[in-house]
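Enquirer: In case you want the letters, here they are:
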Amino acid sequence: MVEFDEVSRRFSDTLALDSVSFTVRQGEFFSIIGPSGSGKTTTVRMIAGLEAPTVGTVKLFGKDVSAVPPHRRGTPMVFQSYALFPHLNIRDNVAYGLRMRGVAKPERRNRADDLLGLVGLEGLGDRRSEQLSGGQQQRVALARAIATEPRVVLLDEALGALDAALRIEMQVELKRLQKELACTFIHVTHDQSEAIAMADRILVLQGGRLEQVGTPAEVFARPKTRFVAAFVGQNNLMDATSMGITGDGLHKIHTPLGEFLAKESDGHPIVREVAARGKPAVYGTIKEGYNMWFHGIVLSAESPNYDAAVAYANFWHEGFAPAEVANQGYMTPTPSVAQPALEGADSPDAGVNAWDYWYNGGGRDRGSVDDIASKAAWWWQFPDESEYLESRWQDFVAA
Amino acid sequence: MVAPALLSIAIGLAVPLGAIVLFSFWTGTSVGMHSDLTASNYTNILTGGTFWDTVGWTLQVLVIVLTCSTIIGVLVAYFAARVVTIEWVRTALVFLLFVPFVVSYVIRMITWIPLFGRAGLLNTALTEAGVLDEPSDLFLYTSPSMMTALVFLYVAFIIGPTFFKLRQLDEDLLRAAQNLGASPFRTFWSVELPLARPGIVVGWIFVSVMILSDFATERIIGGGLSPLLAGTVWRRAELLLWPQASAQAVALVLITLTIAAGLLRFAQLERDL
Amino acid sequence: MRSGTVRPTPPVHFSVWARISLAIPVVVVLGFIYVPILLITLLSFQGPQGGATFPIRDPGTLWYRSLSDLSVITEHPDYLGQAVFDFRASIVNSLKLAVTTAVVSTTIAMAAAQAMRSRFRGARLATYAILLGIVTPGLAVSLGIVTVSSELGITAGLFTTGIVAHIVWTMPFSFLLFMVLFNRFDRRVEEAAYTLGASRLETFFTVTVPIMKPAVIGSFLFAFMLSFDEYAHSIFIMGADRTLPLMLVSAAQLRITPSIFALGVLIITVSLILLLAYVVNVRRTFRRQELRGA
Numbered sequence: 091m092v093e094f095d096e097v098s099r100r101f102s103d104t105l106a107l108d109s110v111s112f113t114v115r116q117g118e119f120f121s122i123i124g125p126s127g128s129g130k131t132t133t134v135r136m137i138a139g140l141e142a143p144t145v146g147t148v149k150l151f152g153k154d155v156s157a158v159p160p161h162r163r164g165t166p167m168v169f170q171s172y173a174l175f176p177h178l179n180i181r182d183n184v185a186y187g188l189r190m191r192g193v194a195k196p197e198r199r200n201r202a203d204d205l206l207g208l209v210g211l212e213g214l215g216d217r218r219s220e221q222l223s224g225g226q227q228q229r230v231a232l233a234r235a236i237a238t239e240p241r242v243v244l245l246d247e248a249l250g251a252l253d254a255a256l257r258i259e260m261q262v263e264l265k266r267l268q269k270e271l272a273c274t275f276i277h278v279t280h281d282q283s284e285a286i287a288m289a290d291r292i293l294v295l296q297g298g299r300l301e302q303v304g305t306p307a308e309v310f311a312r313p314k315t316r317f318v319a320a321f322v323g324q325n326n327l328m329d330a331t332s333m334g335i336t337g338d339g340l341h342k343i344h345t346p347l348g349e350f351l352a353k354e355s356d357g358h359p360i361v362r363e364v365a366a367r368g369k370p371a372v373y374g375t376i377k378e379g380y381n382m383w384f385h386g387i388v389l390s391a392e393s394p395n396y397d398a399a400v401a402y403a404n405f406w407h408e409g410f411a412p413a414e415v416a417n418q419g420y421m422t423p424t425p426s427v428a429q430p431a432l433e434g435a436d437s438p439d440a441g442v443n444a445w446d447y448w449y450n451g452g453g454r455d456r457g458s459v460d461d462i463a464s465k466a467a468w469w470w471q472f473p474d475e476s477e478y479l480e481s482r483w484q485d486f487v488a489a
Numbered sequence: 002m003v004a005p006a007l008l009s010i011a012i013g014l015a016v017p018l019g020a021i022v023l024f025s026f027w028t029g030t031s032v033g034m035h036s037d038l039t040a041s042n043y044t045n046i047l048t049g050g051t052f053w054d055t056v057g058w059t060l061q062v063l064v065i066v067l068t069c070s071t072i073i074g075v076l077v078a079y080f081a082a083r084v085v086t087i088e089w090v091r092t093a094l095v096f097l098l099f100v101p102f103v104v105s106y107v108i109r110m111i112t113w114i115p116l117f118g119r120a121g122l123l124n125t126a127l128t129e130a131g132v133l134d135e136p137s138d139l140f141l142y143t144s145p146s147m148m149t150a151l152v153f154l155y156v157a158f159i160i161g162p163t164f165f166k167l168r169q170l171d172e173d174l175l176r177a178a179q180n181l182g183a184s185p186f187r188t189f190w191s192v193e194l195p196l197a198r199p200g201i202v203v204g205w206i207f208v209s210v211m212i213l214s215d216f217a218t219e220r221i222i223g224g225g226l227s228p229l230l231a232g233t234v235w236r237r238a239e240l241l242l243w244p245q246a247s248a249q250a251v252a253l254v255l256i257t258l259t260i261a262a263g264l265l266r267f268a269q270l271e272r273d274l
Numbered sequence: 334m335r336s337g338t339v340r341p342t343p344p345v346h347f348s349v350w351a352r353i354s355l356a357i358p359v360v361v362v363l364g365f366i367y368v369p370i371l372l373i374t375l376l377s378f379q380g381p382q383g384g385a386t387f388p389i390r391d392p393g394t395l396w397y398r399s400l401s402d403l404s405v406i407t408e409h410p411d412y413l414g415q416a417v418f419d420f421r422a423s424i425v426n427s428l429k430l431a432v433t434t435a436v437v438s439t440t441i442a443m444a445a446a447q448a449m450r451s452r453f454r455g456a457r458l459a460t461y462a463i464l465l466g467i468v469t470p471g472l473a474v475s476l477g478i479v480t481v482s483s484e485l486g487i488t489a490g491l492f493t494t495g496i497v498a499h500i501v502w503t504m505p506f507s508f509l510l511f512m513v514l515f516n517r518f519d520r521r522v523e524e525a526a527y528t529l530g531a532s533r534l535e536t537f538f539t540v541t542v543p544i545m546k547p548a549v550i551g552s553f554l555f556a557f558m559l560s561f562d563e564y565a566h567s568i569f570i571m572g573a574d575r576t577l578p579l580m581l582v583s584a585a586q587l588r589i590t591p592s593i594f595a596l597g598v599l600i601i602t603v604s605l606i607l608l609l610a611y612v613v614n615v616r617r618t619f620r621r622q623e624l625r626g627a
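Heads up: the protein sequence lines correspond to chains F, E and G, in order. Each residue of the first sequence is one higher than the last, beginning at 91 in this note's numbering. Each residue of the second sequence is one higher than the last, beginning at 2 in this note's numbering. Each residue of the third sequence is one higher than the last, beginning at 334 in this note's numbering.
Hints listed in this document are in silico derivations from the structure and should not be mistaken for laboratory results. Fair warning: this is a prediction, and the values are worked out from it, not measured in the lab. Do not rely on the hints blindly, as some may be mistaken.
Unchecked claim - Which stretches of chain F does chain G cover? Using the computed rule of at least three CB atoms under 8 Å from a CB of chain G, they are:
id: 1; segment: 154–167
id: 2; segment: 180–191
Claimed, not checked - So these bits of chain G aren't anywhere near chain F, every CB distance computed over 12 Å:
id: 3; residue: ALA356
id: 4; residue: LEU371
id: 5; residue: THR394
id: 6; residue: TYR397
id: 7; residue: TYR527
id: 8; residue: PRO543
id: 9; residue: SER583
Yeah, the Cβ is synthetic: ideal placement off N, Cα and C, and Gly gets one too.
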C-alpha cells in the first residue's frame, strides 16, 4: 500500500536517500529506524508529500503519488513537537481534519469528543493545548491524526519528546489503537527498543541507504550487516576468527575474549564457509544495561562486504530477568566484558565475562566439549523468536 | 507573493530614485525643468565650497550624535537588561523607553519648546535664580541644542536593539566570565559589548539614516542657521529648483546608502536576516 | 518569568553606587522624553490669554475644544483677530492615509515574508530591495515622486503620490516584523495541517494567519503610527491634502499655540493606549507559548 521504488532524494550536495525500495503492507505497524541523518524522516515526509523524491517513485495504494499534494494524500502525520494548533482548543484541534473535509460543526465536534475519549482525554475538549502535559498533547496529536479515519498514519519520532515512563505507556497505547483501527502506522524512531516493542516490521536505514527490512525478530536476530547488528542489537562487536572444526563437528572460534566452540545451525551453512576460509568474522557481545541470552551462533548469509558471522542474542531491558532462565545460564553483564583478551580464562575474578561465563556453564568448572555442545544445542532449542517476542510483548503489556 | 512588495518598492523607490538621477542632469529654473542634458548641477555642487562644507558639517554632527547616543543608549540598555532584576520593573522601564518609537518626532520636538525656548521654563528658572541676566538662546536655535535634540530624539533606536541583544545573551556566559575572575566592567567590556555589537550597529544604521534624512529638527530646534545635508536639499526643492535639488538628493542617497552598507557589513547581520 | 519557581540569581551583582551611577543616564533619557511631555500636558490646559509658555492663566479645556470646534477660539473675546490653526482637515487626512497605508503594507509585507520562508533563489536580494525603503532618505523619495508625478501630470494627493511614498516607508518595517516572527514559527504546525487535508491556501488562512495574529496586529499598529507621524515622506507630495505632521511643522515655525500642545497630548495618549494594549496582548501570547515550552 506504500511502495518505494528506487527512491533517492538529494539536498544540494548530500544524498539524504539513496535508491531505497520497500513496501509497507496494509494494516501493518511499520517502523523506520536509523541514526540521525539516516534519511528516516525524509522517507516519512515523502510519504506525506512534504518532500518529493529526486529520483524514483513513491506509490500509495498502487498509484504513483508524485503529483498528489500533501492534503490529497490522506496521510496525517504526528510530529515529535506535537505541532498542535496553538490558536485552537483541543476539540477544534482534533476536529481540524474533519473541518477541512467539510463536516458540519456539530457533527465534527461530537466526533472529536468521541476521539478524545478513545485516547483517554474525555472532557478536556475545551482546554487549550498549553494547559496539557506533554503526554496529553501527544494523545491529542494522535486523536487529530486518526480523526478522518485515514488508512495510513505517519508518526515522526512521535514519542521522542516524552520521558521514558510515558514513552512506554504510549507505546502500548499506540499499539492498541493501531490494532483497534486496523490501519497502517508508519513510525519513525531512532530508538530501536521502541521499534522492537511495537513494529510488525522494521526498516533500518543508514546514511540514506536501506540496510535491512524485516520483522523485529529477523532484524534483531539475523542482522544482515554489521551496522544493523551494532545499531539494532546495540551489540559490542568484536572480531573473531574461525580456527577450524573440532572432532565433534563444532567450530572453534577465536575472539579477543578467548576461544569458544559453536555448533553449526542448519539454516546457516556460512559458519562452515567462514570456518573453512579462516577469515575474520564478527560476534556480538553484550551491552551494559541489557541482559542477554546466547542462542548459539548464527551467521548472516547475506552480508555483502563482510564475511560476517554475527553471534546474536536477545535483549531485555534492565529489571526483567525470569528466574528459571537465570538458572540455566543467565548472565549478568559486567563492565569487564568490554575488556580485551583474557589470558587466564579460569582466573576467578578479573576474567569473568560473558563468554567465559557461558563457556563454563555459569560455574567455574570448565565443562567438557560435550557439555558445551549440549548446551549450545539446548540453547538452540530455545523457543523461536516470534513466540519469544510475543511472550515478551505480553509481559510488556502486563507490566 | 513577493511581487506586490517588490512592485511597490519599484514604483515608490526605484522609479523616483531613477527620476532624480535623470532630472539631476536636466537644466531647470524655478519655473520648470528642461530635458537638455547637463552636468552643471553636479559641477556646481562639487566645485562650490558650500556643498562640501555642508557634507563635512553633517558628518561631524553625525559622528558627535552617534558617539553621545551610543554611550547613553548602551548604558541605558545595560541598566534595563542587567541592573534591573525585577521583571515588572524592567517591563515598565522598557515600555517607557519604547514610547519615542510611537510618538511622532515632530510632536516630540514641539514639546521641547516650552522647556528650552527663549520664554521656556529653563530660561525663566535660570533668569529668576540669577544665573542668567537675560533669557538665553543657548537652549534652542543653536547647533549644540540641535545635536542634543538629535541625540535624545533617536537614542531609543540604539537602546532598543542593544537591549534585545543583551537580553538574548545566555546569562551563564556572564556567570562563567565572573567565575573566571572578570569584574562586572570587564565582563561587560569583553563579553557583553562584543556580543551586543550587532544590536548597537543596527541602532547606528537607524540613527544615521534618521539624521541624514532629518531636515525638520535642524529648522525647528537648530533655528535653521546651520543646515544639514537634507536641509539644503529641502531648501532647493522648496524653491522648485528640482534639477539642483535632485543632484544634491542623489549625493544624499549615495552617502546614506554607503554609510548604511558599511555599517551593515560591520554588524555581521547576515546570520540574523 | 515563570511564577512559582525560584528566580535564578542575577548574573551580575552591582554595588549601590554602581546602581545609582548607572541609573543616571536612564533618568536623563526619561527626563528628556517625559518632562517636555509633562509640560505640554500642563500647558495644553492654558487659558485663552496665556500663550505657549508659563504661567498658566485661567486654566480650562478651551484648546481641546478648539480642535473639534474652531469657533470656540476664533470667537473667544480674548483671542479675537489672532492667528489660529485649523488642524481638523489634516487630522482626517492623516487618519485616512494611515489606516489605508497600514492595511496595504501589512498585507503585502505578510505575503512577501511568507514567500521568503521558502528561501527561493533571489530571496536575499529581494529582502535587501525591500529594506532599501527604510534606508533611503525620505526627502529624496518625496522629491523623486513629486518630480515624476508632475512630469507625468499626476495630481499629487493623499491616495496618489502620498500613499506610494508611505508604503515604501512602512512596508519594510512590517516586513521585518513578519520576518522576525516567522523565524520563531514552528513550520511543522503548518505541515500538520497539510497532512490533515488542508491545502496551502486553507492552511494559510486557518493556521498561519491566526497564529501570526500578534504580528498582523503589530504590523498594522506600527505601520499606522509610522504613517500617521511621517513628515519626510509627506513633504511636497500631498498636494492639497495636508497631513498632520505637515501642519504641525508649519504651525511650529509660525507660531506655537496651546492648541498644538492639546493635539500633541491627545496623540501621545492614544499612542500610549494602543501600545499598552498591544504589549499586554503580546505578552499574554508569549507567556502562553512559554508555558507550552515549560
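Enquirer: Please flag the earlier hints that this structure goes against, numbers listed from lowest up.
Expert: 7, 8
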